[in-house]
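Student: Chain order of the listed sequences is Z and S.
Each residue of the first sequence is one higher than the one before, starting from 1 at the first, in the numbering used here.
Each residue of the second sequence is one higher than the one before, starting from 1001 at the first, in the numbering used here.
Be a bit skeptical, because a hint or two may be false.
One-sided and incomplete, this derived list gives chain Z residues near chain S with beta-carbon spacing under 8 angstroms [to be verified]: (1) TYR142; (2) GLN144; (3) GLU193; (4) GLY196; (5) THR205; (6) GLN230; (7) GLU234; (8) PHE236.
Just the calculated beta-carbon pair ranges, DEER-fashion [said to hold, decoys possible]: (9) S:ALA1039 with Z:PRO84: 51 to 61 angstroms; (10) S:VAL1033 with Z:ARG226: 55 to 65 angstroms; (11) S:ILE1011 with Z:HIS163: 19 to 29 angstroms; (12) Z:GLN22 with S:VAL1084: 50 to 60 angstroms; (13) S:LEU1069 with Z:HIS163: 27 to 37 angstroms; (14) S:VAL1033 with Z:GLU131: 44 to 54 angstroms; (15) S:LEU1056 with Z:ARG121: 54 to 64 angstroms; (16) Z:ARG121 with S:ALA1113: 42 to 52 angstroms; (17) Z:PRO159 with S:PRO1096: 16 to 26 angstroms; (18) Z:GLN134 with S:PHE1025: 34 to 44 angstroms; (19) S:ILE1011 with Z:ARG121: 26 to 36 angstroms; (20) S:LEU1110 with Z:VAL229: 22 to 32 angstroms; (21) S:ILE1011 with Z:PHE20: 43 to 53 angstroms; (22) S:PHE1025 with Z:PRO84: 42 to 52 angstroms.
None of these hints come from the bench; they were simulated from the model.
Glycine included, C-beta positions come from ideal geometry on N, C-alpha and C.
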Amino acid sequence: MSTIKITVTRYNPETSSEPFTQSYTIPYKEDMVVLDALNYIKNHVDGTLTHRWSCRMGVCGSCGMMVNGDAKLTCATFLRDYYPGEVQVDPLAHFPVIRDLVIDMSDFMDKLLEIKPWIIRSEEKPLEEGEYLQSPDELNLYKQFSMCINCMICYSACPVYGHDQSFLGPAAIALAHRYNMDSRDEGQDQRAEIIGSHEGIWECTFVGECTRVCPEHVDPAAAIQRSKVQLTKEYFLSWMWPWGN
Amino acid sequence: MAVRVKTTDPIWWGLFSAGGTLAAFLLPVHVIVTGVGIAFGWVSPQVLAYQRITALLENPLLQIYLFLLISLPLFHWAHRFRFVLMDLGLRSLKTPVAVLCYGVAMVGTLLAALLLFF
Ligand code: FES
Chain Z
1 MSTIKITVTR YNPETSSEPF TQSYTIPYKE DMVVLDALNY IKNHVDGTLT
51 HRWSCRMGVC GSCGMMVNGD AKLTCATFLR DYYPGEVQVD PLAHFPVIRD
101 LVIDMSDFMD KLLEIKPWII RSEEKPLEEG EYLQSPDELN LYKQFSMCIN
151 CMICYSACPV YGHDQSFLGP AAIALAHRYN MDSRDEGQDQ RAEIIGSHEG
201 IWECTFVGEC TRVCPEHVDP AAAIQRSKVQ LTKEYFLSWM WPWGN
Chain S
1001 MAVRVKTTDP IWWGLFSAGG TLAAFLLPVH VIVTGVGIAF GWVSPQVLAY
1051 QRITALLENP LLQIYLFLLI SLPLFHWAHR FRFVLMDLGL RSLKTPVAVL
1101 CYGVAMVGTL LAALLLFF
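Extracted from the complex, chain Z is given alone in its bound form (with noise of 0.2 angstroms):
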């Protein structure tokens, strides 16, 4: 029977303070995913092992470490692209870890409600007058955006947030570009504060590292720049025209 050598970092507050690794030999087939062997291991061979997943699919968003350096989905991640190679599993860059392969994700959750990743109207219609009608052509201007499922994969790989983490972020600020050119939403306004502050869009140095690693293909480097864009366009206009609409 094959196997693959799994090296995993580890750590336990309540049991020493620095974190250390071990490695598994675990059964290697071709269909396996990085997943599959941590959970052969928390299953078959050292029950202590905490990673987080759910759905196995590409969907939840909760599988993200780094696989080899590399942050990826481990549910997407396939063993064959290694062996016969060893694979080395790290929590995710730039996040404290709360245990193993857990990290603390509360800086990307805090960062995700202030730019209010909903719509927002100034004034709801009222139901009798039906829904908010949408154009195809509408819709695609921000759809690609709406893909994000919020694995923090992009934060890993932003060498800016690994440097400073006031930094709004990729994932954040993709997520208010799709709310801000939604045809149905009514809250730029109160997103350009957040993203347009001096710790949103302007740090981000175009590095595009963000958009290279996304596993949903969403490009928050084009979120970002576009922002600037619109939002240095905006504020000469406000000094050529301040008293425009």
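Starting from the known structure of chain Z, arrange chain S with the ligand on it as the hints suggest.
Tutor: Just chain S with the ligand, lined up with the frame of chain Z:
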């Protein structure tokens, strides 16, 4: 229009992106004409003759063109270099680095203005 952005970042980013556009589209043309074309004999050296250039520089439109061509890419450099220094670990010196980078661009802009317009 209500001011929704309350930092000065759009100024620096605006200068950065305007400078980047010029640096990408116009500077290569100048480099090819003056730096490569003359050396390879595609362009006559007469094109850059001192009298001809000083006469051309009387034209205010050309003065403005050269002013923008010199100043804006300097701000492009300043913004980019500032972030390179941040990425290299100078985050604790955020303000001095910004002052230094944009300061150099401002001095360059001032010199260009003095030479071109006065
Ligand atoms: S387990 Fe849900 S995305 Fe991987």
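Student: Please go over all the hints and tell whether each is borne out by the structure.
Tutor: Evaluation of the provided hints:
no.: 1; hint: TYR142; result: violated (19 angstroms)
no.: 2; hint: GLN144; result: violated (23 angstroms)
no.: 3; hint: GLU193; result: holds (6 angstroms)
no.: 4; hint: GLY196; result: holds (4 angstroms)
no.: 5; hint: THR205; result: holds (5 angstroms)
no.: 6; hint: GLN230; result: violated (10 angstroms)
no.: 7; hint: GLU234; result: holds (7 angstroms)
no.: 8; hint: PHE236; result: holds (6 angstroms)
no.: 9; hint: S:ALA1039 with Z:PRO84: 51 to 61 angstroms; result: holds (55 angstroms)
no.: 10; hint: S:VAL1033 with Z:ARG226: 55 to 65 angstroms; result: violated (34 angstroms)
no.: 11; hint: S:ILE1011 with Z:HIS163: 19 to 29 angstroms; result: holds (23 angstroms)
no.: 12; hint: Z:GLN22 with S:VAL1084: 50 to 60 angstroms; result: violated (38 angstroms)
no.: 13; hint: S:LEU1069 with Z:HIS163: 27 to 37 angstroms; result: holds (33 angstroms)
no.: 14; hint: S:VAL1033 with Z:GLU131: 44 to 54 angstroms; result: violated (59 angstroms)
no.: 15; hint: S:LEU1056 with Z:ARG121: 54 to 64 angstroms; result: holds (58 angstroms)
no.: 16; hint: Z:ARG121 with S:ALA1113: 42 to 52 angstroms; result: holds (49 angstroms)
no.: 17; hint: Z:PRO159 with S:PRO1096: 16 to 26 angstroms; result: holds (22 angstroms)
no.: 18; hint: Z:GLN134 with S:PHE1025: 34 to 44 angstroms; result: holds (37 angstroms)
no.: 19; hint: S:ILE1011 with Z:ARG121: 26 to 36 angstroms; result: holds (33 angstroms)
no.: 20; hint: S:LEU1110 with Z:VAL229: 22 to 32 angstroms; result: holds (28 angstroms)
no.: 21; hint: S:ILE1011 with Z:PHE20: 43 to 53 angstroms; result: holds (49 angstroms)
no.: 22; hint: S:PHE1025 with Z:PRO84: 42 to 52 angstroms; result: holds (50 angstroms)
This entry does not satisfy hints 1, 2, 6, 10, 12, 14, going by the numbered hints stated previously.
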